Amino acid sequence: MSGTVIAALVDVLQIHNLFASAVGVVFGLFIGSTPGLTISLGMVLLLPITFKLSAVTAICLLLGLYASGMTGGSISAILLNIPGTPSASATAIDGYEMAKKGRAGEALGSAVSSSFFGGMFGLACLASISPFIAKVALKFGAPELFALVLLGITLICSFGQRSVIKGLISGVLGLIVMTVGLDPMMGTPRFTFGVVDLQAGISFLPAMIGLFAIPQILVGIAGKVPVIPEYNSKITSVLPKIRDIIKLIKAMLLGSSIGTGIGAIPGAGGPIAVFLSYDYARKISKKSDNFGKGEAEGVAAPESANNAVAGGALIPMLTLGIPGDPITAILLAALMIQGLVPGPLLFQQTPQFVYSVFWAFLVANIMNLCLTFSTIKLWVRVLKVPERILLPIITSLCVVGTYALRISFFDTGVMFCFGLLGYFMKRYGFPIVPMLLAIILGPNLEEHLRISLIISQGDPTIFITHPISLIFIIISIFSFINPLITPAMKTKLKNICKIWYR
Amino acid sequence: MKKLNIIISIVFIIFSCFYAFLTTNLPARNLPNTLGSDFMPWLLVICLFFLSALLLFKTLFMVTSEKCDYKISMKEGSGIIFLTILVFLYVKAMNMFGFISLTPIFIAVLMFISGSRKWKEVVIVAAVVTFGIYFFFSKVFRVPLPEANIF
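Protein chains in written order, with the working numbering: chain W, 1 to 502; chain L, 1001 to 1151.
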């Protein structure tokens, strides 16, 4: 056991892995600090490169990006009042007010320190809880696994979406995409229309790059909608004093706890965590009146929360194979590229890799702290890079990146088709994450469903006679029905109240 | 939004019927106690049809607070079509002219339509990015990028 842990540490501390982590952190800071570019986009741009790397090097690179992208998002939130990532939304409230009062350096310092604290807290929870969840999940059979994947997809479809029905339609469309290619159990071709390239199915990588990157390119280049505003200001010192950090400990602890908890719930995501932590920090603070007017605690709580979300979201991804947000969905895809299948078996079959993930996350957080403090003035300048330069570069990277997957332009075509689909889906209020998750998890869903029905000789009650499977299915149904009935119930309650007051 | 949702739900109902038609061509169950290749597609046909009908019902008979800017301007629409054609031509011509000679032109055109008017900036960015991508993919990761095949 301890030998495996040490071997994993030695592996992560190899010079090429440290270099990969540093590259990931620098790229993450660039992506995070540039409004309009998301961490998910950064991840999909790096995915084709991970093909050529070992599993540990790839995870060092991607976790570096994940950790620093969250921190980078706060730079533009504080300086421009435009969050670089959705998770930095709450940071902008007090961070920007501090910057307006000439305390931009203090705000950035608080944000970076809190991000580090949140990241470490999330990692501690990840390392201590994951092995136990994996142990329990090892007892799951096909019906439980089917119900679990179904739960993951329905939670993502329904949680925080404007329209649950549209979220579910998006998920079903993703599952339909997944049915193209050879049937995983019988080997029969399905919906291939005689096209040889379609026999292997539609790879989730071009779909992912298309869904995340192309809509942004289309909006920026074709729509000519500015996403990167201009910024003119100077930053002095950003290193916070120890006594200032101690004053923020309560807010950071609160934010980290909420962030880890929310992050571990599939579908909940960072934006919910940061606003919840901001709200609770305001309620328990002695300076609650200063919130919204430039209070450092108002920066510390959401910033620690958004980095703690990363650790929390990795828990269901690593232990159950269910990603908590789009970023962990891409991480899941990256591991699948390496031939690793996240889930309880990962802990049993490749424990050294699991510990490597923990160490890589630790290294990423430390590198993030050091590199952000030492290069923050550079990232402030990055805000000035015009999108007329950035967007053509991203377009070229997408084309070459998808070509490099199988040395074929077929994937580039698939990427662009999904890009157009993603653009129209976004435009017409359809979330793209459920589709993405369905494409990634779809084959598992079908396999477990069919195995379960073979075991039960076609009897569907197998899913309700297994208690754990029944619980997951009840939660899935509830997550689907709840948002549909809640508005109707609210209207009914309002009417009752009106009658009551009359 | 109401009108748009009605159109979308009808489109998806038609699509689910088309998908059902395609599914009828798949081989059904041929072994006892197993499920055929058409099992999952049929399940998805039912789900998509049900959800589209639900969206239609909800839009017609229930109040919705959903709002979105669904109108695509002429400028944006033509921009999307132009970009699609540009990427298509770039990909198609790549096997003939090669990555090195075509990519700077592609980047320069993209920069121009993004609003870049300084020719020095366009030339430098196009050349540096092309060389950077070529070096990174071709030399570091040994991915064979398309070469000129015209002669």
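Treat the hints loosely; a few may be bogus.
[Said to hold, decoys possible] Here are the simulated distance ranges between beta carbons:
{"id": "1", "chain 1": "L", "residue 1": "Phe-1136", "chain 2": "W", "residue 2": "Ser-408", "range": "13 to 23 Å"}
{"id": "2", "chain 1": "W", "residue 1": "Ile-455", "chain 2": "L", "residue 2": "Phe-1050", "range": "22 to 32 Å"}
{"id": "3", "chain 1": "L", "residue 1": "Pro-1144", "chain 2": "W", "residue 2": "Gln-348", "range": "52 to 62 Å"}
[Stated by the list, open to error] Straight-line alpha carbon distances no greater than 20 Å define the calculated EDC-like cross-link-like pairs of lysine to aspartate or glutamate that follow:
{"id": "4", "chain 1": "W", "residue 1": "Lys-293", "chain 2": "W", "residue 2": "Asp-279"}
{"id": "5", "chain 1": "L", "residue 1": "Lys-1092", "chain 2": "W", "residue 2": "Asp-197"}
{"id": "6", "chain 1": "W", "residue 1": "Lys-293", "chain 2": "W", "residue 2": "Asp-244"}
{"id": "7", "chain 1": "W", "residue 1": "Lys-101", "chain 2": "W", "residue 2": "Asp-244"}
{"id": "8", "chain 1": "W", "residue 1": "Lys-426", "chain 2": "L", "residue 2": "Glu-1121"}
{"id": "9", "chain 1": "W", "residue 1": "Lys-139", "chain 2": "W", "residue 2": "Glu-447"}
{"id": "10", "chain 1": "W", "residue 1": "Lys-384", "chain 2": "L", "residue 2": "Glu-1076"}
{"id": "11", "chain 1": "W", "residue 1": "Lys-241", "chain 2": "W", "residue 2": "Asp-279"}
{"id": "12", "chain 1": "W", "residue 1": "Lys-247", "chain 2": "W", "residue 2": "Asp-197"}
Hints listed in this document are in silico derivations from the structure and should not be mistaken for laboratory results. This one's a predicted model, so the numbers in the text were calculated from it and none came from an experiment. Glycine residues also receive a C-beta, built at the ideal position from the N, C-alpha and C atoms.
Can you name, in rising order, the numbers of the hints this structure does not satisfy?
Hints 3, 8, 10, 11, 12 are the ones this structure does not satisfy, whereas the remaining hints hold.
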